[in-house]
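> All chains, full assembly: derive it from the sequences and hints.
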Amino acid sequence: MTEKGQRLDLKKKKSILSSDRIMPMILAIFAGISVLTTIGIVIILITESSGFFRQVPFLDFITGTKWTPLFSGSQQSFGVLPLVAGTLMITGIASVVALPIGLFSGIYLSEYAPARVRAVLKPVLEVLAGIPTIVYGFFALTFVTPMLKHIIPDLNIFNALSAGIVVGIMIIPMISSLSEDAMSAVPRSIRDAAYALGATRLEVALKVVVPAALSGIVASFVLGLSRAIGETMIVAMASGGLANLTWNPLESMQTLTAYIVMVANGDTTHGTVEYYTIYAVGLLLFIMTLLMNILAGYIKRKFREEYR
Numbered sequence: 001m002t003e004k005g006q007r008l009d010l011k012k013k014k015s016i017l018s019s020d021r022i023m024p025m026i027l028a029i030f031a032g033i034s035v036l037t038t039i040g041i042v043i044i045l046i047t048e049s050s051g052f053f054r055q056v057p058f059l060d061f062i063t064g065t066k067w068t069p070l071f072s073g074s075q076q077s078f079g080v081l082p083l084v085a086g087t088l089m090i091t092g093i094a095s096v097v098a099l100p101i102g103l104f105s106g107i108y109l110s111e112y113a114p115a116r117v118r119a120v121l122k123p124v125l126e127v128l129a130g131i132p133t134i135v136y137g138f139f140a141l142t143f144v145t146p147m148l149k150h151i152i153p154d155l156n157i158f159n160a161l162s163a164g165i166v167v168g169i170m171i172i173p174m175i176s177s178l179s180e181d182a183m184s185a186v187p188r189s190i191r192d193a194a195y196a197l198g199a200t201r202l203e204v205a206l207k208v209v210v211p212a213a214l215s216g217i218v219a220s221f222v223l224g225l226s227r228a229i230g231e232t233m234i235v236a237m238a239s240g241g242l243a244n245l246t247w248n249p250l251e252s253m254q255t256l257t258a259y260i261v262m263v264a265n266g267d268t269t270h271g272t273v274e275y276y277t278i279y280a281v282g283l284l285l286f287i288m289t290l291l292m293n294i295l296a297g298y299i300k301r302k303f304r305e306e307y308r
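Sequential numbering of the sequence shown, starting at 1, is according to the UniProt record's numbering.
Calculated from the structure, these hints are not laboratory results. One should not assume that every hint holds.
[Stated by the list, open to error] Below, in silico cross-link-like pairs of lysine to any residue (SDA-like), each with a Cα-Cα straight-line distance of 20 Å or less: (1) K122 x E111; (2) K66 x S252; (3) K66 x M262; (4) K207 x S226; (5) K207 x D181; (6) K207 x A194; (7) K122 x I169; (8) K207 x V186; (9) K300 x P211; (10) K122 x S184; (11) K302 x D181; (12) K300 x L206; (13) K122 x L103; (14) K302 x L291; (15) K207 x A193; (16) K300 x A185; (17) K302 x A212; (18) K207 x I190; (19) K66 x I260; (20) K300 x A193; (21) K66 x T47; (22) K300 x T289; (23) K207 x V84; (24) K66 x V42; (25) K66 x P249; (26) K302 x V186; (27) K122 x P132; (28) K302 x M292.
[Unchecked claim] Across the chosen pairs, the derived CB separations fall in these ranges: (29) A119 x Q55: 49 to 59 Å; (30) T246 x V42: 42 to 52 Å; (31) L250 x S74: 40 to 50 Å; (32) K207 x V273: 18 to 28 Å; (33) T246 x H270: 28 to 38 Å; (34) R21 x L197: 47 to 57 Å; (35) A193 x T142: 50 to 60 Å.
The beta carbon of each residue, even a glycine, is placed where N, CA and C say it ideally should be.
Take a look at the structure:
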């Protein structure tokens, strides 16, 4: 090798070494920014919520059955259970819609769909997952509710049933895609062994592939429900703004997210207890979704360890 070639080779090695040192630092900076952002959000929620809990006992907030923080005098109450009940009701309806459809869609894509069909349906599901939720909200208000009104005459214009159905439709792509990914990751040798024992395709799908991919499937369920709990626009538009402690899905309900939107867009004075309710409700919502995500991670690790 000539002297010029040796110099070029040396410069190239120095450039590679320099990039190997710089890139980890850059990546660490961006990772640190994301972590600090999350920590900042938590700090703000806790700090601002303290202004609420200094005036309202935590036990009254958690166990109270009447939520009228924007009222005055003796009519003002801060029991968050009506908002929690509305959130759980709509999430429950969404789970009834989304879990079976999402799971069976994932099974079809993983075990039955030809490669050409899968190549079309998979991107379509991803597109559906990217539709703005305000579009789903208008769909619930202008199509689903009038359609259900013909079947259920007692249905209110704003109701939990329509909101729950459309929230379920919204999270189907997430559950279907994540379930399909989990089932596609099951080794082909396991399927072949089941076929060699005389199992049918349906038996292989339901008795072999689904149990083997159970960790990913359950995690997709939990993540989908976590997404439903945090949904805002659909429930704000379709379920109404009445904090009603009821288990009747035909009536209007208000969720945690819908209340935050309503107060944030109003004229609540900064520094008042009414203003601090936004952060108290937001903190409760954050804790609920955090617990759901932790549960998803725990289930995924637990079943994966058992499978191995």
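> Each hint needs a verdict: does it hold in this structure or not?
Each hint tested on the structure:
Proposed proximity of K122 and E111 is supported: the alpha carbons are some 14 Å apart, at most 20 Å. About 15 Å separates the Cα atoms of K66 and S252, which keeps this hinted pair within 20 Å; it holds. About 17 Å separates the Cα atoms of K66 and M262, which keeps this hinted pair within 20 Å; it holds. Taking the CA atoms of K207 and S226, the gap is near 27 Å; set against the 20 Å cutoff, the hint is violated.
Proximity of K207 to D181 is assessed by CA-CA distance (about 18 Å); at most 20 Å being required, the pair is judged to hold. Between K207 and A194 the alpha-carbon distance is near 9 Å, which keeps this suggested pair within the 20 Å criterion. Among the hinted pairs, K122 with I169 is consistent with the structure: their alpha-carbon atoms are about 16 Å apart, no more than 20 Å. A C-alpha spacing of about 13 Å is found between K207 and V186, which places the hinted pair at or below 20 Å, so the restraint holds.
Under the criterion of a C-alpha separation no larger than 20 Å, the hint pairing K300 with P211 is consistent with the structure, at around 12 Å. Only pairs whose Cα atoms come within 20 Å are accepted, and K122 paired with S184 is accepted, the gap being roughly 13 Å. Proposed proximity of K302 and D181 is supported: the alpha carbons are some 18 Å apart, at most 20 Å. Of the supplied pair hints, the one linking K300 and L206 holds, its CA atoms being roughly 19 Å apart against a limit of 20 Å.
For a cut-off of 20 Å, the pair hint linking K122 to L103 stands: about 14 Å separates their Cα positions. At roughly 16 Å between alpha-carbon atoms, K302 and L291 fall within 20 Å of each other, so this suggested pair holds. Pair hint K207 plus A193 holds up; C-alpha atoms about 13 Å apart against a cutoff of 20 Å. With a C-alpha separation of about 14 Å, the suggested pairing of K300 with A185 holds against the 20 Å cut-off.
In summary, the hint linking K302 to A212 is supported, as the alpha carbons are separated by about 13 Å, within the 20 Å threshold. For the hint pairing K207 with I190, the CA-to-CA distance comes to about 11 Å; that is within 20 Å, so the pair holds. A hinted pair counts as satisfied when its Cα atoms are at most 20 Å apart, and K66 with I260 qualifies at roughly 17 Å. Distance restraint check for K300 and A193: the Cα-Cα separation of roughly 25 Å exceeds the 20 Å cut-off, and the hinted pair is therefore not satisfied.
Note on K66 and T47: the hinted pairing is violated, with a Cα-Cα distance of about 25 Å set against a maximum of 20 Å. For a cut-off of 20 Å, the pair hint linking K300 to T289 stands: about 17 Å separates their Cα positions. Proposed proximity of K207 and V84 is contradicted: the alpha carbons are some 37 Å apart, above 20 Å. Among the hinted pairs, K66 with V42 is inconsistent with the structure: their alpha-carbon atoms are about 27 Å apart, more than 20 Å.
About 18 Å separates the Cα atoms of K66 and P249, which keeps this hinted pair within 20 Å; it holds. Between K302 and V186, the direct Cα distance comes to roughly 17 Å. Compliance with the 20 Å bound is thereby established for this hinted pair. Pair hint K122 plus P132 holds up; C-alpha atoms about 19 Å apart against a cutoff of 20 Å. Of the supplied pair hints, the one linking K302 and M292 holds, its CA atoms being roughly 15 Å apart against a limit of 20 Å.
With their beta carbons about 58 Å apart, A119 and Q55 fall inside the hinted range of 49 to 59 Å. For the pair T246 and V42, the beta carbons lie near 33 Å from each other, so the given range of 42 to 52 Å is not met. Between L250 and S74 the beta carbons are some 31 Å apart, a value that contradicts the proposed interval 40 to 50 Å. The supplied range of 18 to 28 Å is broken by K207 and V273, whose beta-carbon atoms lie about 56 Å from each other.
Restraint check, T246 to H270: a C-beta distance of roughly 33 Å satisfies the suggested window 28 to 38 Å. The hint said 47 to 57 Å for the Cβ distance between R21 and L197, and at roughly 55 Å that hint holds. The beta-carbon spacing between A193 and T142, approximately 51 Å, falls within the hinted interval of 50 to 60 Å.
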